Amino acid sequence: MAEKKLELKNKRFTGPFTLIISVVVFYLVVKIMCRSLYSQMVVNMALVFCLVAYSVSVMLGMCGELSFAGVAFMGIGAFTIANLTTGRFGFKISPLGAFLVVIPVATFIAFIIGLILLRLKGTFFSFSTIALVQVAYTFFNNYRPLFGGVDGISGIPSVRILGKQLTNHYLWFPYLLVFVVFVGLVVEHIRNTQLGRSMASCRDNETAARVLGVNVYMTKVIAFTISGVLSAMGGALYSMLIRYASADMFTYDTSAKYLIMAMFGGVQSTIGAFIGALIVQILPQVLKVFQRYFQLIWGVSIILLMVFMPEGLTGIFRMALKRRKSRKKGRISVIQEKGEE
Amino acid sequence: MAENETRKPILKLENINKRFGGVVTAKDIKFDLFPGEIKGLIGPNGAGKTTLMNIISGIYTADSGTIIFDGMDITNVPDYRRARMGIGRTFQSPRFLQRSSIRDNLLIGADLGNRIGFLEGFFGKKSTNFEQELKDMMDLLHFGFNWDDEISSLPFGQRKLLEIVRSLLSHPKVILVDEPAAGLNPKEINYLMDILRMAARKMNIGVLLIEHSMDMIMDICDSIYVISFGVPIGEGTPEQIANNHAVIEAYLGKEDE
Ligand SMILES: Nc1ncnc2c1ncn2[C@@H]1O[C@H](COP(=O)(O)OP(=O)(O)OP(=O)(O)O)[C@@H](O)[C@H]1O
Ligand SMILES: [Mg+2]
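Those protein sequence lines, which keep their order, are chains A and U.
Each residue of the first sequence is one higher than the one before, counting from 1 in our numbering.
Each residue of the second sequence is one higher than the one before, counting from 342 in our numbering.
Keep in mind that the hints were calculated from the coordinates and are not lab data.
On a predicted model such as this, the values are computed, not experimentally measured, just so you know.
Cβ atoms here follow ideal geometry from the backbone N, Cα and C, with glycine treated the same way.
Hints should not be assumed to be uniformly reliable.
To be clear about the criterion: a stretch of chain A counts as covered by chain U if any three or more of its residues have a C-beta under 8 Å from a C-beta of chain U, and this derived list gives those stretches [said to hold, decoys possible]: (1) 161-170; (2) 213-222.
Heads up, simulated PhoX-like pairs for lysine-lysine below, C-alpha to C-alpha not over 25 Å straight-line [unchecked claim]: (3) U:380 <-> U:353; (4) U:476 <-> A:5; (5) U:528 <-> A:5; (6) U:543 <-> U:380; (7) U:349 <-> U:371; (8) U:543 <-> U:353.
Taking the hints into account, I'd like the entire structure generated from these sequences.
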């Protein structure tokens with residue numbers, strides 16, 4: 001019998017060419033389909049929430065820890081923007097400048113919180129993130145000096161990019177799309193580095209991780225930090241889009257939506273988070289007649305997905321691809337057997 | 342020849358003790374493992390062999406005793422640091438990242454060898470000659486794979502062999518191998534012995550080998566350490582062990598005369 005050969009070529013689903021084509025096609029489709037500012041806004045929101053779905057994909061998909069903390073970090077991102085751009089501290093910076101400040105602020109806060117919460121494991125960790133969301137919400141809702149209390153903070157100025165004021169959702173769209181795709185590429189890249197593999201080892205086999213030199217605790221803290229920064233960027237863009245930030249945008253209730261986005265698309269893949277965010281955000285607007293039932297529809301479809309296809313839509317796609325491949329292989333081996341006779 | 346030089350042990354256990362409740366799994370275990378030596382660790386089921394490996398790799402902490410590795414006291418060093426210092430390990434049933442490709446599963450071994458830090462890794466510093474090393478080892482093992490495939494697509498025996506490869510890719514100084522031959526066919530057992538010999542002779546790694554197959558132990562080991570219910574009952578060359586009464590008794594039961 002012939003031995004199977006060692007094949008070390010890297011096969012990728014998407015080369016840079018496919019990626020650029022897909023992004024351009026997506027751009028054109030949206031341009032053609034979105035006839036109103038409202039529908040463009042829905043798409044823009046989906047793109048922004050996509051960042052939060054990425055954060056779920058990092059923490060749950062790569063690292064195997066379920067965290068609800070996304071909305072808390074969204075709030076941190078949004079209120080950082082609101083405070084810095086409206087002059088509440090006695091000085092004003094531009095929204096884009098403030099966005100650059102969000103990243104170190106979120107990194108710092110997420111790292112510290114991660115150090116504390118990740119002393120807990122599994123379900124206990126998950127519960128502690130729920131508590132974190134409640135604590136954050138209470139601050140957002142009640143502490144006026146920083147968060148404006150129940151009124152929130154309004155008056156965030158519109159963003160200026162390349163000398164152009166992004167005054168409506170049409171103008172926002174291309175920038176958001178490029179940014180979200182770029183961040184997606186970074187996340188995908190992390191998956192294929194030492195850090196990504198360390199996270200996967202924490203997810204799949206902690207003992208193996210340890211004897212392979214992975215500091216499980218620190219790896220999870222880093223994953224939590226990355227995930228916090230992603231959410232904070234989502235929250236920051238959210239507030240820049242609607243030019244307003246208030247506590248009720250970041251309640252525990254809304255955190256379920258981001259989980260559903262990531263799970264629906266498939267937590268194991270970056271593109272899954274992207275697709276999931278789009279579907280969960282856009283579908284209810286397209287099928288307006290069913291809008292009252294959408295909570296129900298999401299609920300049922302998540303249950304069905306988790307039971308039958310825990311890796312979401314991209315999981316289904318991957319399975320189908322593998323089946324096709326193995327069917328082809330099956331055919332070849334049949335031919336070989338005949339040849340040997 | 343260099344043989345007569347005073348060799349320094351790479352791993353030194355001094356009076357290791359461990360008990361789980363009333364069960365003694367290690368009692369005053371002490372031995373030296375030298376670079377390039379293959380040392381068999383044998384004993385009946387439940388003797389405490391796996392437990393001892395867990396103590397060496399830091400998954401368990403010993404109740405008392407000292408572990409010296411490469412001249413350093415590592416008794417209180419956490420497990421992942423020990424791995425980075427060069428203590429490799431395979432398991433009785435192989436432990437892989439089930440949801441990852443073969444590539445990622447092997448690269449994580451090479452990651453350990455490089456440990457270039459997350460940030461440098463992010464900007465794409467590549468492991469030196471990972472592919473060549475892998476190819477050389479797969480030549481010894483006589484099987485191949487497409488490394489985009491999932492790890493679960495490999496049969497059990499190949500997965501066990503690949504776990505050794507993963508560990509060797511990290512360039513360890515000591516490798517702890519727990520029952521590698523269980524579940525392998527005779528051909529694969531030969532390949533297994535080839536790669537373990539290669540590790541010891543060519544890479545100068547100290548190999549600690551748990552195995553129930555006496556043929557293999559007698560064939561491949563330079564020295565053997567025997568424990569029964571956590572208590573050391575014999576130590577020596579394969580010939581010495583084969584004629585050691587205490588060892589024969591522990592394995593076959595006391596002969597009545
Ligand atoms: N974490 C633990 N808690 C309690 N008892 C344990 C634990 N780990 C091992 N033991 C006990 O220690 C004893 C030795 O177990 P160990 O797995 O080291 O045996 P072994 O020599 O590897 O046996 P085998 O040849 O069957 O693999 C057994 O009685 C086992 O039940
Ligand atoms: Mg054992």
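Do the hints match the structure? See the list:
Residue count for the segment 161-170 of chain A with a Cβ under 8 Å from a Cβ of chain U: 0. That is fewer than the three needed, and the coverage hint is violated. Residues of the segment 213-222 of chain A with a Cβ under 8 Å from some Cβ of chain U number 5, which satisfies the need for three, so the listed coverage holds. Between residue 380 of chain U and residue 353 of chain U the CA atoms are separated by roughly 13 Å; this keeps the pair inside 25 Å, and the hint holds. Proximity of residue 476 of chain U to residue 5 of chain A is assessed by CA-CA distance (about 10 Å); at most 25 Å being required, the pair is judged to hold.
For the suggested pair residue 528 of chain U and residue 5 of chain A, the alpha carbons sit about 18 Å apart, so the restraint of at most 25 Å is met. As the CA atoms of residue 543 of chain U and residue 380 of chain U are separated by approximately 16 Å, the hinted pair is consistent with the 25 Å bound. Pair hint residue 349 of chain U plus residue 371 of chain U holds up; C-alpha atoms about 15 Å apart against a cutoff of 25 Å. For the given pair, residue 543 of chain U sits about 22 Å from residue 353 of chain U by alpha-carbon distance, which is consistent with the 25 Å threshold.
When held up to the earlier numbered hints, the structure conflicts with hint 1 and nothing else.
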